[in-house]
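Sequence lines, in order, name chains A and B.
Just so you know, we're using my numbering here: the first sequence kicks off at 1 and counts up by one.
Just so you know, we're using my numbering here: the second sequence kicks off at 1001 and counts up by one.
Just so you know, these hints were derived from the structure itself, not from any lab.
Warning: the hint list may mix true and false statements.
The calculated label-pair distances, taken between Cβ atoms and stated as ranges, are [claimed, not checked]:
| no. | chain 1 | residue 1 | chain 2 | residue 2 | range |
| --- | --- | --- | --- | --- | --- |
| 1 | B | 1191 | A | 100 | 24 to 30 Å |
| 2 | A | 100 | B | 1398 | 34 to 40 Å |
| 3 | B | 1190 | A | 142 | 32 to 38 Å |
| 4 | A | 48 | B | 1428 | 51 to 57 Å |
| 5 | A | 146 | B | 1331 | 34 to 40 Å |
| 6 | B | 1234 | A | 143 | 40 to 46 Å |
| 7 | B | 1100 | A | 152 | 19 to 25 Å |
Straight line, CA to CA, 30 Å or less: simulated DSS-like cross-link-like pairs of lysine-lysine [what the hints assert, rightly or not]:
| no. | chain 1 | residue 1 | chain 2 | residue 2 |
| --- | --- | --- | --- | --- |
| 8 | B | 1050 | A | 117 |
| 9 | A | 142 | B | 1033 |
| 10 | B | 1033 | A | 153 |
| 11 | A | 139 | B | 1033 |
| 12 | B | 1267 | A | 124 |
| 13 | A | 108 | B | 1116 |
Stretch by stretch, here's where chain A covers chain B in the computed footprint (C-beta under 8 Å, at least three residues) [unchecked claim]:
| no. | region |
| --- | --- |
| 14 | 1009-1017 |
| 15 | 1028-1041 |
Where is the CB? At the ideal position from N, CA and C, for every residue including glycine.
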Amino acid sequence: MAEEKSQASSSKMLTLKASDGVLFEVELNIAKEMKTVQAYIDDCEDIETIPIPNVLGKHLAIVIEYIKKTNEEYDAEFEKQWNMDDLQLLLLAANYLNISGLQECLCKAIAKRIENKSPEYVRKVFNIENDHSPEEEAKLRKEYKWAFEGVDKD
Amino acid sequence: MAPSPVFFPEDLIGEIFSVLPVKSILRFRCLSKSYDTLISHPVFVKLHLKKSTLQNPQFLLITDHDVRIPGPGFSPDGSDAEYDRDRGIIPYSIRSLFENPSFTISVDPFYLMENKGCSRIVGSCNGLICLAGDSYDEYQKYWLRLWNPATRIISPTFGYFHEECNPRDEDIPFLFDGYYKFSFGCDNSTDTYKVVAYRYNKRQRRSNVRILSLGDNVWRDIESFPVDPILLDSPCQDFEYDGLYFRSTINWLAIPNEIDYNVYDTKDIPVEQFVIVSLDLMTETYNRYLLPRDFDEMPHRIPTICLLGDSLCFSYFYKKTDFIIWQMKKFGVEDSWTQFLKVSCHNLQIDDDLSDEHFIKYSLRLEPLFLSEDGDTLVLDYCQDFQAIIYNRRNNRVERTNITALRRINDDGIGRCTSKYYFESLVSVF
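With the hints as extra help, turn the sequences into a complete structure.
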């Protein structure tokens, strides 16, 4: 199989295959920002298609775009376009692919969206089951009464 | 909102929560038992602490004001009212200072010292503020309290000690041992918070220094200072010359006590005698560091040390025309002193003030407070009233801030002593 090898490794292309079969052709230096992919390449040198089983094509596209464009301005506007579900799935993708800059950006974005919310709201966001007894919860709410002031209405 | 099917590993949850403000985190203790455990865990507290310095750096505005106590006769014009002094400690965010340099903050009674039984602000470290109280009658009595304003928890008093001597004899030097001052810091190798108490003992003609570790709460005497901190024997708290906490050490600008000096008249002070005395909280021993070699002329005001951009710095006015800041790039390495900034008073827009000799002698004070992460924006504390200077090094722009603190109860304006760098944390006061 004839392979296109070029002098500079940065122009070498790699194919990433998302969980739903969508294929993305990316430059090697972009793919290397994903430390998980880098590790894959280190293990199997002449691989051309790398499977990304945990990430949907929709989200992989967003991740790749982030890597290409990331800078202070882009990051500041980046998170505003996505709803909470997408933010969470993107964070899982960034975590799996081991992209620290994106992971940090998304953690801050999610934190910002829950900062002023009630526990009920946040439980829904993270699918948390409340296993506090009513007495325990009442005790905490009383102890930190001031922390519940000014919270957004659900 | 439909429940999300996403499952997050615990370390990702921790990472999200570690950038939340303390108020939100404490509210989320209600989420569930496992979240409560995660939030209360020392590993998480440490992670949050680390992020807090970058996420939301703040200042503590230390205010000083008169408290009016209505007189016993309740005279209608209030002429029999008495006044007492009280201090307040109000956190405010550096970000909001940049966004709006002139703003008003409300002094909630929560932030006042009067209800905490303490009169002194010793210092802040890792989001904890150490307070001290004193009383002088037949004995000098001292006690401490630790306060975390973000979690709103204050410890009981601890570290009580008293000295058997009559303060009224302070005019008879050989009988009076001196008043204690305090400093606060953390031995990061063991996460042990320590308070240092020190004074100049005229009778013994040396300093007395003792340390208390939180936890065992016993005062232990240690060696005297090898060189005495500036204004060691002054009875007042001079914030400028307080011990400066930095990386498990407490640092003071010092000059041998044999040298007679006057803070207001510095021309006779031999400049080469200045050193930095550094108390290592891990070993409880001292180090001495020389100042930059190029510092060879005594300014009109005694220089100060401070923290900027994670380095120990040394700053002073040069010939009344410039303000200079040196940075010790590698802590403890005297060769690493680098001149960080030399800016003219004209560019700082304070040269008019410097034409007044009286002002220079008694009121002039410029303290570097904060440096932005990109190194471009410097915030400086200026003089006694509510003014800080925001100076942009790149484009030489200056902005003066005007912060007004109102007392919530009766809206009286308040004077300000100083500002100190601070950040929120979940660290426990016990």
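* **Numbered hints the structure breaks, given as an ascending list** => When the structure is compared with the hints, numbers 12 and 13 turn out to be violated.
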